[in-house]
Amino acid sequence: MTAVNSSETGTALLEPVAALEARGIVKRFDGVHALNGVSLSVQPGEIHALLGENGAGKSTLIKIITGLYQPDSGQIVRDGNELEFANVRAANKAGVVALYQELSIIPTISVAENILLGEQMPSRGSLVDWGALRKRARAQLDRLNQRIPLGKLAGQLSPVQQTMVSVARALATDARVLILDEPTAALTDLEITDLFAVLRGLREEGVAIIYVSHRLEEVFELCDRLTIMRNGETITTKPVADTTVDEVISTMVGRSAGELFPERSTATDQVVLTVEGLNGRRVKDVSFQAYAGEVLGIGGLAGSGRSELLRLLAGAQKYSSGTVTLAGQRLPHAPGVGRVLEAGIALVPEERRSQGVIVSAPIDDNIALGNLKAVSSLGWVSDRKVVDLARDGLANLQIKARGPRQAVGQLSGGNQQKVVLAKMLARKPKVLLMDEPTRGIDVGTKAEIYRLIRELVAGGTTVIAVSSELPELIGMSDRIIIMHEGRIAGEVQAEGADDELLLSYCYGKTD
Amino acid sequence: MTKTDTLPATTTAPRVRERASISQLFWQGGTIVALIVLIAFFTAMRPDVFLSFGNMRNILEQIAILTIIAVGQTVVMVVGDFDLSVGTNATLSGATAASLMIGGTPIPLAIVAGLCVGLLVGVVNGLLVAFLQLSAFVATLATMTTVGGLAFIATSGTTLYGMPEDFFWIGQGRPMGIPMPIFFAVAAAIILWLVLRFTTLGRRWYAVGGNAEVARLSGVNVRWTRFLAFAVAGLASAIGGIILVSRLGSASSASGNNYMMLAVAAVFLGMTILKSGQANVGGTLVGVGIIGVMSNGLNIIGVNTYIQQVLTGLIIIAAVTLSALKARKS
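One line per chain: the protein sequences are A and B, in this order.
Residue numbering for the first sequence follows UniProt numbering, starting at 1 and increasing by one per position.
Residue numbering for the second sequence follows UniProt numbering, starting at 1 and increasing by one per position.
The hints are simulated quantities; they were obtained by calculation from the structure and are not laboratory data.
The beta carbon of each residue, even a glycine, is placed where N, CA and C say it ideally should be.
Hints may contain errors.
If you only want the chain B side, here are some residues facing chain A, beta carbon under 10 angstroms, derived [said to hold, decoys possible]:
id, residue
1, Y206
2, A207
3, V220
Using 27 angstroms as the maximum straight-line C-alpha spacing, the simulated DSSO-like pairs for lysine-lysine come out as follows [said to hold, decoys possible]:
id, chain 1, residue 1, chain 2, residue 2
4, B, K275, A, K385
5, A, K385, A, K373
6, A, K93, A, K63
7, A, K373, A, K318
8, A, K63, B, K275
9, A, K135, A, K93
Construct all of the structure, not just a fragment, from the sequences and the given hints.
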């Protein structure tokens, strides 16, 4: 680690010293520029949003800041000292810590142990000093105003509590620069409020926070400044107060945001799907109809039964009573996913990487998996048909990949989602169920998915889509059903729908 | 990077090379190098003996039964489980066929009965793991023990002799000078390779092993698919066990038990060959080859069997370590 004091090098002392500064970072992979002269400066006591589409270079930059990758050129400057982080530990020692949603806690050990993991673990000789452990863990949680039982296994905590524990761990290592990557993805609105209060508290303490998120509403609520990246370059850094959501989107995409949602086509009055008195886990007495050529949006709070309703319809879960009728044909009870797919209902599930695609398998095998009958005769698979099917998908959905044999895990989130779509669209479903169709996807690809949905319904397909983001729900749907505690709380036309009315349905008001 | 107006650039410069050719993907890794080094080593030690036609035939004959059981095990490991009962299952199936023949049952009927016993053990494993959702480790450990006990009962704890001469043709016959077990092994390997590579069932097996939930939501009947894998492994074990009895001319109460460890080891060695780390028939054959060459070569240069076992374990560790290091680097 090299350290050069700023006063010796004559850096302008009048400027406030940044908690962390990246200067002219360049990083190439196989000769391709992932980062091309990126600069980012975060002050102590600032929450700084890092924005950009998937592939813009955000994660690469963070990996360089935290010592996971080494830059080809450029400097990392911490409190005026130029540093080189040989690895993640070196970055941690210098007070730079990144929190990733999935990796941040060990589910099988207690909260207290999670907070003081590794070198922080108090010990007497080689024995753990449990008394000191609890005391110090408690102190960190108190700092965050959290009442989490110290002895509980971390795996039993709610997502927000797990996030809090990983924040507490970062603080226990005396982190001065905290990097949060999509910390709210798994959280409910109430939990997000809680997390934001904690982050604001840390800001008061002078911690510098880099906040990566696709949720612009949150950025505008929480952050002080934002930096926008595009194609491996930093485009602009601005105080949040000096810009707007529309401006941010158009800067990220490089074009105007007005085109995000396409025009609504006209829904028909031809009933395709009739659901009557459906009961199942978290779903209570749900009845509705869906029409050919319409996008039916389903909203509601997390846990309101939205996703479960889709899973019941897709055959992924069993319903205890009720009927589902598709194009005049009543579906058998508890038919299983395969039969439902045959009948013409396909599901694009909520969790892309654990439910949608086999990340280790190539694109063509993933698409073929949902279409085994189409690519085989008498149980014998035709390689040519598999590849042709994948090529169709790549072309129709404009999937950015090197070819049909590329592993899905190497694609960006948006392109992975398109692979799931390609798999299900190849079945030419009458009804396409989509659970959070654009979660974790960059703005540009979101617009493409909305356009695809519109193309589908223009062809007569019915799309039923769950979304937890109201603007998305309103923008992409023709008609919206809001669920509350397993029941349908209300139904509105999307055109000109009123945010407040939808929200009041979400919180249980009924007609 | 060029980009169109309609599409924002979303590629993050994927850095892992795409599959250039099947052969490049299939035939890579330290395991193959290990096999070649072993062959070269033993050839250098005993140039007159090791590479001779007679010895090559010996090696193939020695590994033929292991091959049959190991390709069955490959299927179970493709779906992400493993089957610890294949060894005792081979013993029990062989012993069943033997004792029936000794008791006067016609050869074909006795063989069918042995196959049914093996299949039945596989079916029980499949029910326990796929339908009752027990862990494969616990379930097959239990059937391994049970079936091992049944094998003692079937043989009364002794070694059974006195099967009809005609039965020995299966394990000892040499059409065109080639031992019969080799034909069975080649057939088993080809059939399961074809099934895994070219059929919807093979794709379903690999999909369940890759991510069972994704497979289920894609319309795959995951339970049935997993169940079938265990049934296949059971049947393969029975085939191996019956050939073994025929080859030895006798059925003891534990004759096939060792095949479990060796089969699992062979599949593990083979998994290192694919970048994705999946079990595959080609890799399993290489793994079986390593085990066969080791044991035969060490015999030829006069190393005793205890040391052979130690060395076999070490070479497995070496090959797996090598491929893990390579994976970490890339």
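Quick rundown of the hints versus the structure:
1. For Y206 (chain B), the shortest C-beta to C-beta distance to chain A is roughly 8 angstroms, which falls under 10 angstroms, so the interface hint holds.
2. This hint holds: A207 (chain B) has a C-beta 5 angstroms from the nearest C-beta of chain A, less than the 10 angstroms allowed.
3. For V220 (chain B), the interface hint holds, since its Cβ comes within 10 angstroms of a Cβ in chain A; the closest pair sits about 7 angstroms apart.
4. Simply put, K275 (chain B) and K385 (chain A) have alpha-carbon atoms about 24 angstroms apart, close enough for the 27 angstroms limit, and the pair holds.
5. Straight-line distance between C-alpha atoms of K385 (chain A) and K373 (chain A) comes to about 11 angstroms, which keeps the hinted pair within the 27 angstroms bound.
6. With a CA separation close to 16 angstroms, the supplied pair K93 (chain A) and K63 (chain A) stays within the 27 angstroms bound.
7. Among the hinted pairs, K373 (chain A) with K318 (chain A) is consistent with the structure: their alpha-carbon atoms are about 24 angstroms apart, no more than 27 angstroms.
8. A C-alpha spacing of about 25 angstroms is found between K63 (chain A) and K275 (chain B), which places the hinted pair at or below 27 angstroms, so the restraint holds.
9. For the suggested pair K135 (chain A) and K93 (chain A), the alpha carbons sit about 23 angstroms apart, so the restraint of at most 27 angstroms is met.
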